[in-house]
Amino acid sequence: MKEFINNINWRPFIIIFLSLLLSLLIGSIFMISSGYNPLNVYLMMFQGAFIGKINIMNSLKNATPLIFTSMAVLIAFRTGTFNIGVEGQLFMGAIAAAWAGFSLEGLPSIIHIPLSLLFAIIAGALYAMIPAILKFKFNVNEIITTIMLNSIAFLFTSYLVNYPLRESPMAPQTPKVFESARLPRLTDSSQVSVGIIIAVIFAVIFWFVFKKTTFGFRTRVVGEASSFAEFSGISPVRTAFYGMLISGAVAGLAGGVELLGVHYRFVELFPTGLGFNGILIAWLGKGTPLGALFAALFYSGIQSGAMTVDWITSIPRQLSDTLLVLMVFFIAAEGMFDWVWPLKKKFLNKKDQKAGVEKNA
Amino acid sequence: MLSKFIDIAIIQGTIRMATPIMLAAMGAMVTGLSGIINIGLEGMMLLGAFFAVVGSYYFGSVWLGVAVALLSGLIMALLFAIFTMKFRAHIILIGITINAFALAITVYFLRDWFNVAGAFSDNAIVGFNTVKIPIIKSIPILGDIFSGYTPIVYLSWLIIISMHIILYKTPLGRHLRAVGENAEASETLGIKVKGIKYLAVILSGIFSSLAGAYLSLGQLTMFTENMSANRGFLGLAANIFGMGTPIGGALASLIFGFADSLAMRLQGWETIPSQIVLMIPSALPILILLIFSVRKKKELKNFKEENISKLLSGK
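Residue numbers (the numbering used here), protein chains in the order written: chain A, 1 to 361; chain B, 362 to 676.
Since the hints were made in silico from the structure, they are not lab data.
Since the model is a prediction, treat every value here as computed from it, not as a measurement.
We put the CB at the ideal spot given by N, CA and C, even for glycine.
Please note: incorrect hints may appear among the correct ones.
[Stated by the list, open to error] Estimated spans, in silico, between C-beta atoms of each pair:
(1) B:L648 to A:S33: 45 to 53 Å
(2) B:W474 to A:V209: 43 to 51 Å
(3) A:E167 to B:N543: 56 to 64 Å
(4) B:S422 to A:S190: 50 to 58 Å
(5) A:E268 to B:G629: 17 to 25 Å
(6) B:M604 to A:G335: 32 to 40 Å
(7) A:V340 to B:N668: 52 to 60 Å
Between the sequences and the hints, there should be enough to build the whole structure, so can you do that?
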């Protein structure tokens, strides 16, 4: 057991903990300036996040798409690209799933659900293919193209729900998907669907693939040392290209699960920010699949907590986003905590010296 | 048909819409030349727009509003520089985080300070007035095109010209370009690489927050959520297309400004859905960058072939 504890690399945990502490500290400055006791607010937040069935279910509902999007970001990043287009790919996946859900009639659930999700996956992958081809065939900067493609996806889906896929003149939205395409819900009183289970399984599989298989090794090599990869016969360009496509596929799946599990129809005001928050959460989890899984659950908790705080006090619910951003700021700035590591050595040395003194005596 | 859409008003619109993109492009240029990718231009612009309104509201002066905006840009730029250079943070991630921070904190402060959601406008916010340039304004057509804007438009032209002079006529400009080309060699030549990089990032923060102040005090006199609307990224694209030169970046920004202005004009046109029209400003940069890189590839290929044939012919 002792050996096990010694073998764990504690650094990421210490960095995350200190970042969390710093962020909460800055958050409390905001709260004090609006006239609240930070301890009360944080307690309220914690209760709103993790105490009581409704709150927990709400947190799980929020976490589902974020687990997928953070995985999508990780896949691309591990293979060497920054996929900022997750947001747009998610929208394309969601609208594709909606279309498959309301236009394919008479299928049993066991076929209709996977088929609709497949539509979402393909739509996301195809949409990611545009920046991938532009980047790897024509050397066009993927950050600019994906940002622009995000805006285009918002406008394109808005066009679809306003014109060709519009259900009625009343509101810009598609028809509801058939019962057979809806993901079963875990309880009657909340919007949590089996999507959360798929997401968790997916994260674990992803962790396994990256940690234990040769494919994972390939991607790791490309992400971390592309010049070395070239020498060892792994093509970084091809891996990055497929990495982007898979990333887009997962982003599409995120949209599909969100639509078939929560909303049942594509509304013009489909939630935004799931893709961008996915980037931040991937980092909050220190770039590992399991880390991102816990980070997504944690952030969704803060999100529901901030909602509760918003209802009771005058503190805006954007508190959760602000805290998330602050944490990622600090976690990204590893060099900030350089002063911490010598402390441990000092502490250990003292212990050794003490032990040595005792021995001598 | 074309004359229905191209007139003096659309040219004026082009210049107005291009101004924030131009300023962002100058920010992208200075950082790009020193070898830094600053994705955070977008967020710095948004914060600038917000704090310009805050400053103008509390101090009752438009220039003090701009000063507060510039201060916010300076602080964000310093954070960006320290986090990426001193604390080894991933440069693109920090850019994204700054953008996310700007988006979250402006909405937070809107509600916390002014108790409004989405947008903030108040009679106490002082905006810019348009300024007519004395002699130019009386020249027909040219007077309409080059005169009658808010001061930041003229300021942006001044910045472009002075950036051109600094880059190509002063030692500082040479050093800046040298740092981006080869930081190690510059270091051995005695150029203060870190100092130059800090300076570049600070300039980019100042330019983009000025662009933000232009959006909230020069175009409209209000702040709205996500007001920067990708203009920081358009600045990055304009800089690539302008090949890292001030004049090139400015011209590319004018093209994007034109697309913006045209889209606004066509929006009222019933025959095309507005969503399709509004895609133009986003689709155009992708198309332009694609054409640009295809041409560059060709040039590179020709260049290589020329050199090889030169080598083979023994010259």
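Quick check on a hinted range of 52 to 60 Å for V340 of chain A and N668 of chain B, using CB atoms only. holds (53 Å)
Taking the CB of L648 of chain B and the CB of S33 of chain A, does the distance hold inside 45 to 53 Å? Since L648 of chain B and S33 of chain A have Cβ atoms about 47 Å apart, the given range 45 to 53 Å holds.
May I ask you to test the hint 56 to 64 Å on the CB atoms belonging to E167 of chain A and N543 of chain B? Check passed, 60 Å falls within 56 to 64 Å.
Taking 50 to 58 Å as the stated bounds, is the beta-carbon spacing between S422 of chain B and S190 of chain A within them? With Cβ atoms ~52 Å apart, the hint holds.
Hint check for G629 of chain B and E268 of chain A - Cβ pair distance inside 17 to 25 Å: Hint holds: Cβ distance 20 Å, inside 17 to 25 Å.
Between the beta carbons of W474 of chain B and V209 of chain A, is the distance compatible with 43 to 51 Å? For W474 of chain B and V209 of chain A the Cβ distance comes to about 47 Å; the hint holds.
Outcome of range test on Cβ distance (M604 of chain B, G335 of chain A; 32 to 40 Å): holds (33 Å)
Of the hints listed earlier, there is not a single one the structure fails to meet.
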